[in-house]
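Required output: the full structure, derived from the provided sequences and hints.
Residue numbers (my numbering), protein chains in the order written: chain A, 1 to 428; chain B, 1001 to 1292.
Any given hint could turn out to be false.
[As the list claims (entries may be wrong)] Part of the chain A face toward chain B, derived, beta carbon under 8 Å:
(1) Pro73
(2) Thr76
(3) Gln194
(4) Ser247
(5) Ala249
(6) Asp250
(7) Glu253
(8) Pro254
(9) Pro382
(10) Ser396
(11) Ala397
It should be emphasised that the hints constitute simulated quantities derived from the structure, not laboratory data. Cβ atoms here follow ideal geometry from the backbone N, Cα and C, with glycine treated the same way.
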Amino acid sequence: MIVGRARARPRALALAIVLAGILALLALPVAWARPPLTITVLMPAPFAEATADTVAAFNRDHRRLRIAVARGPFETEAVSDLAISSLLLGDSPYDLLMMDVTWTAKYAAAGWLLPLDDWLDGDPLAGVVAGAREGNRLAGQLWRLPMLASMGLLYWRTDLMAAPPRTPAELVDRSKELQQQGLVRWGYVWQGRQYEGLSCVFLEVLRGFGGQWGGTAASGIGLDSTQATAAASWLRQLVETGVTPASVADFAEPESLQAFASGEAAFMRNWPYAWKELQKPGSAVAGKVAITTMVAEPGQSPAATQGSWGLSVLRGSAHPAEAVAVLQALTGEDSQRRLARDWGYTPTLASLFDDPELRAALPLLPALRQALEVAALRPITPVYAQLSDILQRQLSAAITGGTAPQAAMDRAGRGSRAVLDASGVEAV
Amino acid sequence: MGERRRSLLVGVVLIGPALLLLLLVFLWPMASYLWLSFHAQNLFTDLQPVAVGMLNWRRLVLDARFWQDAAQTLRFALVSVSLELGLGLAMALLLNQRWRGRGLVRSLTLLPWALPTTVMALGWRWIFNDPSGPINGVIAGLTGSTVPFLASPSLAWLAVVFADVWKTTPFVALLLLAGLQMIPADLYEALALEGGNARQALLRITLPLLRPYLLLVLLFRLAQALGVFDLIVVLTGGGPASSTESVAGYAYLNAMRFLDFGYSATVMIGMFGVLLLLGGVLLLVLRRPVRA
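Below you can see the structure in the form of structure tokens.
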């Protein structure tokens, strides 16, 4: 018994050694072929879908480099919350971040972004259309490259009128006429909820009345001005006169789109994405819609709030060179062409606006370019979120009739000044 | 003496882990927030804490928005928790009676509580929608016009209360039902023998003996309601005109959007102070011994 066991042991040992040897041989090639380097990009879910083809093509062409897209939430600010949470914890799992234009200054001030100038040759913004160029370079450094543009547009019904209104008064008169004739229930729908969209709506109207949002703290960054009061009063009157439904104070993009797509309104303010939605089978206005720029007082230029998306490299990335390569691929011409052709997103590269293939696929392109040329930027400052929050709060009070427009704008100006004074940021 | 000391030791060992856990997940964060409230930690301090003494607290006292939010949060908490207690008590009393189908109804009533808040808030957002929501469908059918529930500062907070009451009343009912089942039946029998009626049974037996449960539910619900956040974010986003903004929402804005962590901590600790005060008063009022 004992002898037999002793003999069995060396045999088992020998078997184990042979097995280990085979395993080691098998593992060798795996050890030689290092796994490809993965660059992770955080994007809002819709863009993760829209860039899937570009990402797949990139991963096919590169053996040593892979792009992994992390799908963020749908809502813009929720993406920022997710990114900020990970950045605050110090070790962010992302190399690249898809950024809204209003975040850049805040993220750069927080020290979370990698300045791109050292990594890119020449002027990386040279090929970008003027309207999408701003908001990327701050304090002499480039922090972000634009990937797609988005601007506020005025949608109008071609079956109800031959040409769109050009002034605020025209828009109101036309609306009332159509409402009286019983052709539409509402004249004009827009985004009046207390959120970022309201600031975007207001900026366009303010510009149309000859005002500015921004400038020095001393001027209340343009909010305690007669133009700002005129703009806020106009929005309030739209509600008061029934051109706009009272429920607009709870309207974000989907609610305004719903009202307009059901054929209940003559005009809508929305972003370019709405176009495709309006052509879908469920829409009552498919083929009866055109876009133009927002109305403006006679002598004033119309304005379109710029809401572009771009990419930034996070400073914590362990592989900045590769991250920059991915950034270039995703913001490059091929990527933007796919985004425009297959998904209807507005490109930021000037060359694409004259591309015959794109012009055929996207008949809207000339109108979009026209809107980009009058793009208006929201104040570029690290404290933008505070300034916009103050404005939204006061505008919401003015629209719902709780505060007179002039008092609301005075308060917004005072509040903005206080924020800027406390932060030490002089001008925006 | 040795016996007593040993039992004391056993007691300490037994509650030790719970105490440690409480210290770790409750006291430590509270203490660090309190510490942070005396510091500036924002974009202009490179996100590093810098001691600023009472600056944040001075700002809080003068911050009209904080006090408006605190008042709104208190109003929300008091109104919704009172409604939940009243309705929950009625539901518990009903579910404590014997009737056919009680088991089914008992499980069905729990459904709202089982739904995630964000999902049910989206549902209510649609129900309150003007003009397409079902409530406005009925109103339009009756009057010809619609009511902008979520777009009117005087109505939006009521919509928030309504949604909260709908969701949390089952939770209140469940806890009170557990309390009701702890009341011995012979008390009611004795009262019946002495010729007492149902009203007396409710006022003399049920409510006094339910008091510890009522207190528990009240504290639970008040603490939750005073920290209301997700329901409001989805239902109204704090608007219109900030009429539904809660203190938790304001603290969140300061931290996650403005990256002003020092002030955000001050807002939270400030509200915690209000909650502590309120809880103390409630305990004093409700924790009187049960009269014989």
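Against the structure, test the hints numbered earlier, and report the numbers of the ones violated in rising order.
As far as the earlier hints go, 1, 2, 7 and 8 are violated by this structure, in ascending order.
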